Amino acid sequence: AQKVTQAQTEISVVEKEDVTLDCVYETRDTTYYLFWYKQPPSGELVFLIRRNSFDEQNEISGRYSWNFQKSTSSFNFTITASQVVDSAVYFCALRPNNNDMRFGAGTRLTVKP
Amino acid sequence: EPEVTQTPSHQVTQMGQEVILRCVPISNHLYFYWYRQILGQKVEFLVSFYNNEISEKSEIFDDQFSVERPDGSNFTLKIRSTKLEDSAMYFCASRGAGGAAETQYFGPGTRLLVL
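As given, the protein sequences belong to chains A and B, one line each in that order. At position 26 of the first sequence the residue is numbered 9 (this note's numbering), and the sequence of numbers has no breaks. Count along the second sequence from 1, add 902, and you get the number used in this note's numbering.
Worth flagging that the hints you see were computed from the coordinates, not collected in a lab. Please read these numbers as outputs of a predicted model, since none were measured by experiment. Don't take each hint at face value.
[Stated by the list, open to error] Residues of chain B placed beyond 10 Å of chain A at every Cβ, according to the derived structure:
{"id": "1", "residue": "Val914"}
{"id": "2", "residue": "Val921"}
{"id": "3", "residue": "Ser950"}
{"id": "4", "residue": "Arg982"}
{"id": "5", "residue": "Ser983"}
[What the hints assert, rightly or not] In silico lysine to aspartate or glutamate, EDC-like type, Cα no more than 20 Å apart, as pairs:
{"id": "6", "chain 1": "A", "residue 1": "Lys53", "chain 2": "A", "residue 2": "Asp12"}
{"id": "7", "chain 1": "B", "residue 1": "Lys944", "chain 2": "A", "residue 2": "Asp83"}
{"id": "8", "chain 1": "A", "residue 1": "Lys(-14)", "chain 2": "B", "residue 2": "Glu961"}
{"id": "9", "chain 1": "B", "residue 1": "Lys985", "chain 2": "B", "residue 2": "Glu946"}
Glycine included, every Cβ here is placed at the ideal spot set by N, Cα and C.
Use the sequences and the hints to build the structure in full.
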């Protein structure tokens, strides 16, 4: 089965707090891709990061960082020093070695001033 | 920066009517997709298209749906006889081939409301 689980439905933090969004995936494929997308209130899907299954290096991009652990099938996303503009729904997605991208249910992040 | 575009941004239609949602993928991309997102729910895969044919489709993509690449730039999704439950945001996406091109870039979506 190909599946993505984002157990956190909603998270609320105060500005400047760090927050981690969890993502756990299931796949039988040995080659696959993992993604995070941001969906702000305006509705579009904004690509944040892609990881392939052979690259377990963690990545940092400004206030964003990602922790990919194949041993636990997790691809967690951390926002450091959160800002109000980070408020959005964040989707984790899995693309196995075919074309069918599976999205998690999303985590709604609210950052309060 | 190149981007995927979609028209219209909003469409309201009566149940039973046909609708065509249009997308212009990024110009050098080879793979094209449609997804839908019912309000407040997750994004669901509908269909992928490569080399002028459907490569994969989900169980949602039944006989009421069809896709077409009528020319070198447009990629359309047709719903033949809309149902109330077709109301959703429909996203088009495209990607290149291999390496960094594995990323699917999404259009801004078309919000379809079936009355």
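Evaluation of the provided hints:
no., hint, verdict
1, Val914, "16 Å, holds"
2, Val921, "18 Å, holds"
3, Ser950, "4 Å, violated"
4, Arg982, "23 Å, holds"
5, Ser983, "26 Å, holds"
6, A:Lys53 <-> A:Asp12, "12 Å, holds"
7, B:Lys944 <-> A:Asp83, "14 Å, holds"
8, A:Lys(-14) <-> B:Glu961, "16 Å, holds"
9, B:Lys985 <-> B:Glu946, "17 Å, holds"
Of the numbered hints given earlier, the model fails hint 3 alone.
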